[in-house]
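Participant: In the order they appear, the protein sequences are chains A and B. For the first sequence, counting from 1, position 167 maps to 166 in numbering that gives the first Met the number 0; every step adds exactly one. For the second sequence, counting from 1, position 276 maps to 275 in numbering that gives the first Met the number 0; every step adds exactly one.
Check the hints yourself; a few may be wrong.
Stated by the list, open to error - Here are the simulated DSSO-like cross-link-like pairs (lysine-lysine), alpha carbons at most 27 Å apart as the crow flies:
{"hint": "1", "chain 1": "A", "residue 1": "Lys-164", "chain 2": "B", "residue 2": "Lys-124"}
{"hint": "2", "chain 1": "B", "residue 1": "Lys-85", "chain 2": "B", "residue 2": "Lys-57"}
{"hint": "3", "chain 1": "A", "residue 1": "Lys-57", "chain 2": "A", "residue 2": "Lys-85"}
{"hint": "4", "chain 1": "B", "residue 1": "Lys-222", "chain 2": "B", "residue 2": "Lys-124"}
{"hint": "5", "chain 1": "B", "residue 1": "Lys-85", "chain 2": "B", "residue 2": "Lys-53"}
{"hint": "6", "chain 1": "B", "residue 1": "Lys-127", "chain 2": "A", "residue 2": "Lys-2"}
{"hint": "7", "chain 1": "A", "residue 1": "Lys-57", "chain 2": "A", "residue 2": "Lys-40"}
{"hint": "8", "chain 1": "A", "residue 1": "Lys-27", "chain 2": "B", "residue 2": "Lys-222"}
{"hint": "9", "chain 1": "A", "residue 1": "Lys-120", "chain 2": "B", "residue 2": "Lys-127"}
{"hint": "10", "chain 1": "A", "residue 1": "Lys-40", "chain 2": "A", "residue 2": "Lys-124"}
{"hint": "11", "chain 1": "B", "residue 1": "Lys-53", "chain 2": "A", "residue 2": "Lys-2"}
{"hint": "12", "chain 1": "B", "residue 1": "Lys-289", "chain 2": "A", "residue 2": "Lys-287"}
{"hint": "13", "chain 1": "A", "residue 1": "Lys-124", "chain 2": "A", "residue 2": "Lys-97"}
{"hint": "14", "chain 1": "A", "residue 1": "Lys-127", "chain 2": "B", "residue 2": "Lys-127"}
{"hint": "15", "chain 1": "B", "residue 1": "Lys-127", "chain 2": "B", "residue 2": "Lys-164"}
{"hint": "16", "chain 1": "A", "residue 1": "Lys-218", "chain 2": "B", "residue 2": "Lys-2"}
{"hint": "17", "chain 1": "A", "residue 1": "Lys-192", "chain 2": "A", "residue 2": "Lys-218"}
{"hint": "18", "chain 1": "B", "residue 1": "Lys-121", "chain 2": "A", "residue 2": "Lys-218"}
{"hint": "19", "chain 1": "A", "residue 1": "Lys-127", "chain 2": "B", "residue 2": "Lys-2"}
{"hint": "20", "chain 1": "A", "residue 1": "Lys-85", "chain 2": "A", "residue 2": "Lys-120"}
{"hint": "21", "chain 1": "A", "residue 1": "Lys-289", "chain 2": "B", "residue 2": "Lys-287"}
{"hint": "22", "chain 1": "A", "residue 1": "Lys-289", "chain 2": "B", "residue 2": "Lys-222"}
{"hint": "23", "chain 1": "A", "residue 1": "Lys-164", "chain 2": "B", "residue 2": "Lys-287"}
{"hint": "24", "chain 1": "B", "residue 1": "Lys-197", "chain 2": "B", "residue 2": "Lys-127"}
{"hint": "25", "chain 1": "A", "residue 1": "Lys-2", "chain 2": "B", "residue 2": "Lys-120"}
{"hint": "26", "chain 1": "B", "residue 1": "Lys-218", "chain 2": "A", "residue 2": "Lys-2"}
{"hint": "27", "chain 1": "A", "residue 1": "Lys-289", "chain 2": "B", "residue 2": "Lys-164"}
{"hint": "28", "chain 1": "B", "residue 1": "Lys-164", "chain 2": "A", "residue 2": "Lys-287"}
{"hint": "29", "chain 1": "A", "residue 1": "Lys-164", "chain 2": "B", "residue 2": "Lys-289"}
{"hint": "30", "chain 1": "B", "residue 1": "Lys-71", "chain 2": "B", "residue 2": "Lys-92"}
{"hint": "31", "chain 1": "A", "residue 1": "Lys-98", "chain 2": "A", "residue 2": "Lys-71"}
{"hint": "32", "chain 1": "A", "residue 1": "Lys-27", "chain 2": "B", "residue 2": "Lys-287"}
{"hint": "33", "chain 1": "B", "residue 1": "Lys-224", "chain 2": "B", "residue 2": "Lys-187"}
{"hint": "34", "chain 1": "A", "residue 1": "Lys-197", "chain 2": "A", "residue 2": "Lys-289"}
{"hint": "35", "chain 1": "A", "residue 1": "Lys-17", "chain 2": "B", "residue 2": "Lys-2"}
{"hint": "36", "chain 1": "A", "residue 1": "Lys-53", "chain 2": "A", "residue 2": "Lys-92"}
{"hint": "37", "chain 1": "A", "residue 1": "Lys-6", "chain 2": "B", "residue 2": "Lys-218"}
Honestly, the hints are just simulated from the structure, not real lab data.
Protein chains: 2
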Amino acid sequence: MRKDNVKIIIWGLGSMGKGMAELLLTKKGVDIVGAVARGEKIGKSMYEHLGMEKGNRKDVIMGSYEDIITEKAADVVLICTDSFTKDVFDKCKFVMEKKINVITTAEEMAYPQAQEPELSKKLDKIAKENGVTVLGTGINPGLIMDLLVITLTGACYDVEHIEAKRVNNLSPFGPAVMHEQGVGLTVKDFNEKNESGKLAGHVGFAESVNMITDALGWKLSDKVKLSKSPIVSNVYRKAPNAEVQAGDVAGVNMLGYGYVDGELKIEMIHPQQVEPQLEGVETGDYIKIKGNPDISMAINPEVPGGIGTIAMCVNMIPQVINSRPGLKTMIDLPVPRAIMGDMRDLIED
Amino acid sequence: MRKDNVKIIIWGLGSMGKGMAELLLTKKGVDIVGAVARGEKIGKSMYEHLGMEKGNRKDVIMGSYEDIITEKAADVVLICTDSFTKDVFDKCKFVMEKKINVITTAEEMAYPQAQEPELSKKLDKIAKENGVTVLGTGINPGLIMDLLVITLTGACYDVEHIEAKRVNNLSPFGPAVMHEQGVGLTVKDFNEKNESGKLAGHVGFAESVNMITDALGWKLSDKVKLSKSPIVSNVYRKAPNAEVQAGDVAGVNMLGYGYVDGELKIEMIHPQQVEPQLEGVETGDYIKIKGNPDISMAINPEVPGGIGTIAMCVNMIPQVINSRPGLKTMIDLPVPRAIMGDMRDLIED
Chain A
0 MRKDNVKIII WGLGSMGKGM AELLLTKKGV DIVGAVARGE KIGKSMYEHL
50 GMEKGNRKDV IMGSYEDIIT EKAADVVLIC TDSFTKDVFD KCKFVMEKKI
100 NVITTAEEMA YPQAQEPELS KKLDKIAKEN GVTVLGTGIN PGLIMDLLVI
150 TLTGACYDVE HIEAKRVNNL SPFGPAVMHE QGVGLTVKDF NEKNESGKLA
200 GHVGFAESVN MITDALGWKL SDKVKLSKSP IVSNVYRKAP NAEVQAGDVA
250 GVNMLGYGYV DGELKIEMIH PQQVEPQLEG VETGDYIKIK GNPDISMAIN
300 PEVPGGIGTI AMCVNMIPQV INSRPGLKTM IDLPVPRAIM GDMRDLIED
Chain B
0 MRKDNVKIII WGLGSMGKGM AELLLTKKGV DIVGAVARGE KIGKSMYEHL
50 GMEKGNRKDV IMGSYEDIIT EKAADVVLIC TDSFTKDVFD KCKFVMEKKI
100 NVITTAEEMA YPQAQEPELS KKLDKIAKEN GVTVLGTGIN PGLIMDLLVI
150 TLTGACYDVE HIEAKRVNNL SPFGPAVMHE QGVGLTVKDF NEKNESGKLA
200 GHVGFAESVN MITDALGWKL SDKVKLSKSP IVSNVYRKAP NAEVQAGDVA
250 GVNMLGYGYV DGELKIEMIH PQQVEPQLEG VETGDYIKIK GNPDISMAIN
300 PEVPGGIGTI AMCVNMIPQV INSRPGLKTM IDLPVPRAIM GDMRDLIED
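Extracted from the complex, chain A is given alone in its bound form (with noise of 0.2 Å):
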């Protein structure tokens, strides 16, 4: 066992990353040595700006990246700042440079080589000449979409189809999520924000389909097919942060194909939403494998998209550490699992 404690910097104390710290302070064995935040926060206690029980624990002053992440300053800095793996490139290098482990909640980031085949290449060759790994992961992309799907086809001989659907409620998120899907929106407003590429989305589903292709080894024959429509609602809507008028825009309904040698073998159905059970709609996760065997997975409700992020996030924690050098992605580690010992049990010699 490892004698020292796993050590932990947060960049971005945004609702994920603040999570990661609420739930690593409840860990054994792992401690959050700094914090990067921006603007009026420098220099302040990340608990007294989090709301959170500092206990008798060394306070934890938030800095600049540049003053907090110093050579070997933790074992993994936790990235929660971006969706784009171009946005989030250069922090991880930072990172990677000071000889420390990254896991980030970037979207396109658990399954780079889909979007950014280049700037994987360099994360990779960057982590490797520093010793270190990057991981990008959260509960979908990272879990629900895809690796769950891969795990299962482990039981099969062959597959010839795959179905993964995600039917989950939007309430419980804040404004900004309610804005980047749209909810709330007239028919016609959801209409032109999606045809001028300002609606957001889900993002991940390029990343989800090629980490199963390329899991399973199938080549993909197309870029993965996208779209987005508006889920209209037919009742009036109240959510915390959300308001839907009956003939508005509850939410919206993502759709992603891939194909392999023309055919459709990949669906991604993820209609997202605020209170669906207004219209009887039961939240799940969904996979039907088509194959030998058939299988056909169901959760009830859905894993929560954020504290399961969070979880995961922190969670694979000691397979980064664990791990050879490079760019890696849930497929190239061991499962995830909840930490409910010490951490440094974990952590391999």
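Got chain A sorted already, so can you dock chain B onto it with the hints?
Facilitator: Below, chain B without anything else, positioned relative to chain A:
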């Protein structure tokens, strides 16, 4: 990409070994280079014996283990002969001393640390001395009631209680399984057989429970408790290899319990019977995690046992070849996945 095909030897040509041979023949980049058998089979063609098309492949003449398993004669030997670690130990040792990796269906080998800690240490030592890897896997133990449970906890902050339930149909299995599970016996005969320790039932609860507790960092405070009771049929049931009169035994209900600090944390429920649908029993695999969040998963019908075990052993070949040397279990290696492309593409340099 590796140039030469992956080379496999199969030790034991019962239903599992035969199934692996058939599956391997459908895959690209892999060859069966040897088959170990006993008695009259020695000297005969594996293809003829199994009733399989040889096509333009080189023939595989079955032989004794000493003749077939020579130094580096294959990348992996699939050992499909035993259920218990103590019975398969010498075979694993023999193979590893020939510098060849091992995958075995022996249920206890899915987590030999559970019941054979001394043999596990020896296996790990032999593997490391010879630069090879040994893995036990299958559908259960190996995936359904352990690895899949563990993977789902990856989305959890914490876990309070786990229930894993596998309700399966024994009808497709052969006479040996009917005998091992007590199918068709009177209740009196079943109980006598059970009390005298002659009823095999499911082998693997101790292994699955210990895999879960070790993965999560829980320390078991007691030995895993097991119970076997008859599933008494209310109706006449007929399966290809069994006949059950109303009032007699249609199968065995296996229960397993894992305690942490004296508290029941893990419940394993595994009723196995022929023709369950005749009494309205729906087969399936079910995982219920009580924690933050709760997760409730169902796979209907259950992932079939025979196909699943064969697939898991074959699908883990690349991970075993790529692994660092030693005794490994499913929680140490990247997840299984159906191999739909060329197996050589999956072998790291």
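Participant: Given the proposed pairing of Lys-85(B) with Lys-57(B), does the C-alpha separation stay at or below 27 Å?
Facilitator: At roughly 35 Å apart (the allowed maximum being 27 Å), Lys-57(B) and Lys-85(B) break the hint.
Participant: Is the hinted pair Lys-53(B) and Lys-2(A) satisfied, with a Cα-Cα distance of at most 27 Å?
Facilitator: Between Lys-53(B) and Lys-2(A) the Cα gap is close to 57 Å, so the pair fails against 27 Å, i.e. violated.
Participant: Is the straight-line distance between the alpha-carbon of Lys-197(B) and that of Lys-127(B) 27 Å or less?
Facilitator: Violated, at about 36 Å.
Participant: Hinted pair, alpha-carbon criterion (27 Å max): Lys-164(B), Lys-287(A). Please report holds or violated.
Facilitator: Cα-Cα ~20 Å, so holds.
Participant: Hey, Lys-85(A) versus Lys-120(A), does the alpha-carbon distance stay inside 27 Å?
Facilitator: holds (13 Å)
Participant: Are Lys-120(A) and Lys-127(B) close enough, with their CA atoms no more than 27 Å apart?
Facilitator: Measuring from Cα to Cα gives roughly 32 Å; hence the hint is violated.
Participant: Quick one, are Lys-98(A) and Lys-71(A) close enough, alpha carbons at most 27 Å?
Facilitator: The hint holds at about 6 Å.
Participant: Regarding the pair Lys-192(A) and Lys-218(A), is the alpha-carbon distance no greater than 27 Å?
Facilitator: violated (33 Å)
Participant: Would you check the hint for Lys-164(A) and Lys-124(B), treating anything up to 27 Å between C-alpha atoms as holding?
Facilitator: violated (45 Å)
Participant: Has the given pair, Lys-17(A) with Lys-2(B), been kept, meaning a C-alpha gap of at most 27 Å?
Facilitator: violated (49 Å)
Participant: Tell me if the straight-line CA distance from Lys-289(A) to Lys-222(B) falls inside 27 Å.
Facilitator: violated (40 Å)
Participant: Does Lys-289(B) pair with Lys-287(A) here, judged by a C-alpha cut-off of 27 Å?
Facilitator: Between Lys-289(B) and Lys-287(A) the Cα gap is close to 25 Å, so the pair holds against 27 Å.
When held up to the earlier numbered hints, the structure conflicts with 1, 2, 3, 5, 9, 10, 11, 15, 17, 18, 22, 24, 34, 35, 36 and fits the remainder.
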